[in-house]
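So the sequences go chain by chain: A and B.
Be aware that the first sequence starts at 1, since it is given in our numbering, and climbs by one per residue.
Be aware that the second sequence starts at 1, since it is given in our numbering, and climbs by one per residue.
It is worth saying that the hints were derived from the structure and are not from the lab.
Treat the hints with care, since some could be wrong.
What the hints assert, rightly or not - One side of the interface only, derived from the structure: several residues of chain A facing chain B at Cβ under 8 Å:
1) Asn-130
2) Ser-134
3) Gln-138
4) Val-191
As the list claims (entries may be wrong) - With a straight-line cut-off of 20 Å between C-alpha atoms, the simulated EDC-like cross-links for lysine to aspartate or glutamate are:
5) A:Lys-251 - B:Asp-36
6) B:Lys-61 - B:Asp-80
7) B:Lys-108 - B:Asp-135
8) A:Lys-123 - B:Asp-36
9) A:Lys-251 - B:Asp-80
10) B:Lys-123 - B:Asp-31
11) A:Lys-139 - A:Asp-227
12) A:Lys-115 - B:Asp-36
13) B:Lys-123 - A:Asp-84
14) A:Lys-108 - B:Asp-36
15) A:Lys-61 - B:Asp-36
16) A:Lys-257 - B:Asp-84
17) A:Lys-139 - A:Glu-195
18) A:Lys-123 - B:Asp-80
19) B:Lys-108 - A:Asp-176
20) A:Lys-115 - B:Asp-84
21) A:Lys-61 - A:Asp-26
A virtual CB, placed ideally from N, CA and C, is assigned to each residue, including glycine.
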Amino acid sequence: MRLLHSCLAAVLLLLLTANAGLAGIDQFAGSWTNVDPNTSGITKLDIAVMGTSAQVQGWGKCHPTDCDWGTVQAQAFASGVSSDILSGANTLIAFFDPGFSETTLVIKTAGNRLKVDSYDRFKDNSGRSNYVASYTFQKAQAPGGTTPGGATPGGQSPGGMSPGGATPGSVPALIDLTGVWNCDDGGKYYVRQLEKTVWWYGELDPNAPNWSNVMRGTISGDIIKADWTDVPKGSIMQYGNLVLQIASNNKLVAISKTGGFGGSVWTR
Amino acid sequence: MKIFLSLATACLLLLISLSTCTASLAQFAGDWSNVDTNTGGITTLSISISGASPNVHAWGKCHPTDCDWGAGTAFAFAPDVSSDLSSQAQALMAVFDAGFSETTLFIKPQGNRLSVQSYTLFKDNSGRSNYASSDVFQKSSPISAAGMIAEIQPLKQFNKLEVLPIMRKIGDN
C-alpha cells in the first residue's frame, strides 16, 4: 500500500513539474497560425525563445504570399517585479516600426493558444486612423513553415497589410472593384476595373450635381495611383491626382489627394 | 396624445444620441480611481480629450501622497483604419517613460469602468523583472489634481513597491 502511495505521489510530482515547465516563457515558443484563415490582418507568428529572451516574427495578409514583417526582439513580462521571467512570463510585447507606422503586439497565452492584441499607429499624416485588432493563434500544424529568424530583413511592413497601410508590390487577393460605390463626400461612384486599370464616374446628384468627375488609375499592390478631373455635368471644374489604398474589396481609402478632391473613403 | 408621442420620440432620440456619444473617445474622459483602494500600483488616472487626441495623467501609490507620473504620450485606437477616432475609439495606449523604466498602459472601456493593462519595462539593468498588472478603474468625484501634482517621478512608486511590508518580511528572513 505504501509503495502504491509513493508511486502515486511520484506521478503527481512529475505531472506538476511538467505543468510548471509549460507555464513560462517557453509556452510562447513555436510557429503559430491565425485561427481565422480569412483574416486580413496577421496570418502567422513565429516566436523563438532563448533563455529569458524572445524574438517574434510576424506575417501580414498579402497576395500571392503573405508579407514578412521581419523579426524583432520582444519584451517578456511576468506578474511581479521579483518574478522569474523564465518560469513566470505571462505576456510578450513586440514592437514593429516600418517607418510610416508602428505596430505593437501584446501577446498572451490562452490555454494552448495565443491571444494577440495588435495596436497600429500611423505616423505618416495620411489621415488613416490608428486601429486595434484582436486575433487568436494556434500552433501551426506542421513545422514546415519558415523558421524563426529565417525572415528576410527588410520584408514588408506591418502597417502594409490590409487594412492598415500601403504596400506597393503586394496585391490584395480577390480584388474586383467594378460596381457602384458610395463615398463620404456624399457622391455615388460608378467604378470599372479591367485588370490593373480602374476608371470611375462620380457625381453628387444624378440630376443637377454640384460636381461630377471622372478618374483613371493604375493598381500596384494595394495602391491605386490616379488622375481625376471634374466634367461639366456639374458646375465645379477642378482636377488633380489621387492615391488610394485598397483597404478591402469593399473599401477604398484616399492616402493623398490634390486639386481639392473632397472624398476620402469609398464603400459598397 | 400627439404631444405625448412627440415627447416620447424626443426622449428616445435623446437617449439614442446619448448612448452613441458614450461609445466614443469621450467615454474615456474624466477622473478615474482604482477600485482596489489597496493597490500598490496606479491609483488614479485623469484623462482629457482634445479633438481626437487623448491626454492621460497617472498617479502611482506612494506615501504620504501618491506619486505624480505626469502625462504620458497617449494615442487612441479605433476598430478600423477608416473609423472616426472621436466617435469610435476603442482603446487608448499611454507610455510613461521614467528613464530607468517605461510603463505602457492599454486602456479599454468596460461598461462604465475602465480596464487597464499595465506593462512596466526596466531599462536600468537592475535585474528587476518586467512585470504586467491589470486594474479596473471607476469614475471618481473630481480630484484636486493641482494639489496632487508633484515633481516625483514613477521611480518613487517603484521604490515604494520594493519596501512593501511583505517584501521587507521576506528580505528579513
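Check the hint pairing Lys-108 of chain A with Asp-36 of chain B against an upper bound of 20 Å on the C-alpha distance.
violated (24 Å)
Restraint status (C-alpha distance of Lys-61 of chain A to Asp-26 of chain A at most 20 Å)
Roughly 27 Å between the alpha carbons, so the hint for Lys-61 of chain A and Asp-26 of chain A is violated.
Is the Cα-Cα distance between Lys-108 of chain B and Asp-135 of chain B 20 Å or less?
Holds, at about 11 Å.
Holds or violated: Lys-139 of chain A to Glu-195 of chain A, with C-alpha atoms at most 20 Å apart:
It is violated: about 37 Å lies between the C-alpha atoms, which goes past 20 Å.
20 Å Cα cutoff - pair Lys-115 of chain A, Asp-84 of chain B:
violated (26 Å)
Given hint Asp-84 of chain B paired with Lys-257 of chain A - CA-CA distance at most 20 Å
Holds: Lys-257 of chain A and Asp-84 of chain B sit about 19 Å apart, inside 20 Å.
Checking one constraint from the list: CA of Lys-251 of chain A to CA of Asp-80 of chain B, max 20 Å. Satisfied?
holds (11 Å)
Does the closest beta carbon of chain B sit nearer than 8 Å to the beta carbon of Ser-134 of chain A?
Ser-134 of chain A check fails; min Cβ-Cβ to chain B is 10 Å, beyond 8 Å.
Distance restraint between Lys-61 of chain A and Asp-36 of chain B, which requires alpha-carbon spacing of 20 Å or less
Judged against 20 Å, a Cα distance of about 41 Å means the pair is violated.
Take the shortest C-beta to C-beta distance between Asn-130 of chain A and chain B; is it under 8 Å?
holds (5 Å)
Starting from Lys-115 of chain A, check that the Cα of Asp-36 of chain B is at most 20 Å away, please.
Since the Cα atoms of Lys-115 of chain A and Asp-36 of chain B sit roughly 26 Å apart, the hinted pair is violated (cutoff 20 Å).
Distance restraint between Lys-61 of chain B and Asp-80 of chain B, which requires alpha-carbon spacing of 20 Å or less:
Roughly 36 Å separates the two Cα atoms, so the pair is violated.
In the structure shown, a violation is registered for the earlier hints numbered 2, 3, 4, 5, 6, 8, 10, 11, 12, 14, 15, 17, 19, 20 and 21, in ascending order.
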